[in-house]
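Student: Residue strings, one per chain:
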Amino acid sequence: MNKLTLAIGAVVLAPFIGGLIQGFDRVLTARMQGRKGPPLLQPFYDILKLLRKERVVVNSQQILYAYMHLAMMVLALFMLFMGQDALMLLFILAFSTLSLVLGGMSVRSPYSRIGAQREIMMMVAYEPILILMVIGMYLVNGNFRLQAVFEAERPLLLSMPLLFLAYLTVVMIKFQKSPFDLATSHHAHQEIVKGLTLEFAGPCLGVIEIAHCYEVAFFLGLVGLFWLSNFWIAAVLMGGVFVLSLLLDNLCARLTTIWMFRFMWSVALGLALTNIVWLYWH
Amino acid sequence: MKDKVRFDKSPWVVHFNCNSCNGCDIELLACLSPLYDLERFGIVHVGNPKHADVLVVTGSVNYRNARVLKNVYDQMPHPKVVVAMGVCAATGGVFRECYNVLGGVEKVVPVDVFVPGCPSRPEAMMDGILQAAAKLDEKRRNPDVPVAVSTDTVVRLPAPEAARPALPADTASALATPMEKIA
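Going down the list, the protein sequences come from chains A and B.
Read in order, the letters of the first sequence correspond to residues 0 to 281 in numbering that gives the first Met the number 0.
Read in order, the letters of the second sequence correspond to residues 0 to 182 in numbering that gives the first Met the number 0.
Bound-form chain B, shown alone (with noise of 0.2 Å):
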């Protein structure tokens, strides 16, 4: 009777949408629907990070949304994986020379499964979030399993400085700045 339970047969997602032209959410949606029912492989959409299990971001990470992101992934209990879904959650995508955009969601958290695609196809997102529900079990056993791309390890995205307005410098200051510093 040793470790039975197995997480992948009921991961529930949280979807957060952080800069997202909304292409790779609407194809997320479409995923609950008839043609694809994720609920089937036991997935439900859920509106809460405290019952979820996958946190699912599409979108890049900027300024102003990187503590929203990271406040989202601390509230979910262990054990927990993440899901960067479409080119923009992976790099930041065509916002990445953006002055306000610090890039992809590995900026931020831990990401455990990319998901290419602009947006990405729905049997892809499926794909991917499956892949990340299989990590579960072995995330609950030991917390420090290997994910895609740790937040320590990032190569930081080069931006062009004329660009880019006194804000802080990298992701660490950026969220360590109060709101209203940055407005």
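Just chain A, same shape as in the assembly (with noise of 0.2 Å):
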């Protein structure tokens, strides 16, 4: 019953602890640029601005996408927290960014298609590292169920310390950072204009802004489940991550997506597999 609470909890706040988080990183991100930078609270501004907007849409699809979007990212969330199976979970997460693919397959824009070709090259290049990472953490505790990781004595970082290095690069990807802000991206207008999201406007562009905030909130709850055994050392880890992020976006270039894939198929998912093949021998 407690987990029930924890879990609603969790997802009530969520999209609060990740606009937050969101808007820190705008800032931060400005003042490495030498500029002083929006609100804290900008995010927030946005998607309630965003959400009073005139509705204007393509196809009827398209928002039944953006919400579907929305609601698997909801729900991934709140198996997180329920310590569901890590294996349907990943599957609930591959729905959900792929109805936003969908949802940028389903208009004529070229730059719409570009970013959704380009969110499932991202994909093939990320998903590996989830799983093994997912087999990873089934080697350590025998079981599937994310459960089997919160009742663990040993911090999961320890077992797996390189998948967690290839995690990172799927945090990098997730975040829509440089050198990976391929598919949607608001630095890359003269490349692809909005990519992936080019053709949602007004409150479907809301939606996926929301779904972004769970998005954030959950791949930073993912560091935590590499620490869980001591809060402080979880936090430290998340916000490691969080501004090691913003340092690479900030010193990096836009890449392609073969580089990525290349990228992602060799230095990620060996770091990966060789912790995988470590564990298994261990």
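Hints should not be assumed to be uniformly reliable.
In silico lysine to any residue, SDA-like type, Cα no more than 25 Å apart, as pairs [unchecked claim]:
#	chain 1	residue 1	chain 2	residue 2
1	B	Lys-69	A	Lys-35
2	B	Lys-138	A	Gly-201
3	A	Lys-2	B	Asp-24
4	B	Lys-138	A	Lys-35
5	B	Lys-138	A	Pro-109
6	B	Lys-69	A	Val-56
7	A	Lys-2	B	Leu-28
8	B	Lys-69	A	Pro-109
9	B	Lys-138	A	Val-57
10	B	Lys-69	A	Gly-201
Please keep in mind that the hints were generated in silico from the structure rather than gathered at the bench.
Note that the structure is a prediction, hence the values are computed from the model and not measured.
Take the two lone chains and join them into the complex the hints point to.
Tutor: This is how it looks when you write it as structure tokens:
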């Protein structure tokens, strides 16, 4: 019962936490570039504004896909806090991203389609790492349920250090940070205008932005999973990952999809597989 | 809890260069630089009219780009405001006597704020965008809120007849003519 309350609380609080993290992200990025930056609550202003704008849609499926993206993301977060099956969680997560891809593909704009194709490439690049991470959790705890991770004494990071490094790249991809901000980004207008979310406008875009708040909260929450036994160490890990992703975002240029694919399937996958082999023979 | 949402806290700007010499465009981009930093007002420079609240137009309108400007404006979801940046966007500027130039931006879309200057200074640009953004809330409640100049009240600029080739006489017919006809 306590777990259920926690999960519901997480689902309610996640958009606020995710929004704050994104606001902090924008302020910190601005400071790194020598600018003042927007107010901390800027993502909330943006989302509230978008929800109040006129509803302009290209086709009715688009609305469904935007809401499905949000609903699946909420479900994924709920499952994470309920300690559900991690494999199932991955499928729900993939379904969430896939809804967005379908939404991007449902219109005829070439920019939107390029963004959607890039998002698919990104999924192909990071999904194996996530699956290997779940397999790693299984090898450590002998159970696919996240509950086993919650109950484990030994922090996951000590058994899966290389998988943690590989997971960092997944976080970078999911946060749409350089060098991986390929599918949709505020910084890529010359190239793909707004990519995947190009044809979503007004409230639909607002829904996608809310889903992104959940996404940010979810993937940072997953970082915390690596050191559950001590809250402060988990918080330091999450903060470290967040600041590192911002630092890399400001240091790197946006690179190509094929570069990302090669990097993920050689370096990141190599790290993850090495960790799995080590866990297997351990 | 009546209408707490403030549109002026996050005006997203789409910039359209009609027929400009690029001076105003460069000054607008200077607004995004660390020195001026438009983002501190929550302003984001977007590339997509569907995401935008403020349309910033630089340069004068001519027969070729009038329908493009109209199209960009029509794609923006309501509420939306238009800022005419620089003297060319206001009246046609140095280009107003050209045979192909229709005049200022207000010939095609209703303009909320005119920013003077050739080019406008970045400070004036920021002020113009923020003044326009302040009208967004009012526009959402009442779409017919008065604008600085609307398309119906425009006095057409007289152009030298001799210099003008056989082209559609005014904006309305220019917009109605297919692109191939006037090429």
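Student: It remains to establish, for every hint, whether it holds in the given structure.
Tutor: Structure-based check of each hint:
{"no.": "1", "hint": "Lys-69(B) with Lys-35(A)", "in the structure": "violated (35 Å)"}
{"no.": "2", "hint": "Lys-138(B) with Gly-201(A)", "in the structure": "holds (16 Å)"}
{"no.": "3", "hint": "Lys-2(A) with Asp-24(B)", "in the structure": "violated (55 Å)"}
{"no.": "4", "hint": "Lys-138(B) with Lys-35(A)", "in the structure": "violated (29 Å)"}
{"no.": "5", "hint": "Lys-138(B) with Pro-109(A)", "in the structure": "violated (32 Å)"}
{"no.": "6", "hint": "Lys-69(B) with Val-56(A)", "in the structure": "holds (19 Å)"}
{"no.": "7", "hint": "Lys-2(A) with Leu-28(B)", "in the structure": "violated (51 Å)"}
{"no.": "8", "hint": "Lys-69(B) with Pro-109(A)", "in the structure": "holds (22 Å)"}
{"no.": "9", "hint": "Lys-138(B) with Val-57(A)", "in the structure": "holds (24 Å)"}
{"no.": "10", "hint": "Lys-69(B) with Gly-201(A)", "in the structure": "holds (20 Å)"}
Violated hints, listed in ascending order, are 1, 3, 4, 5, 7; each of the other numbered hints is respected by the structure.
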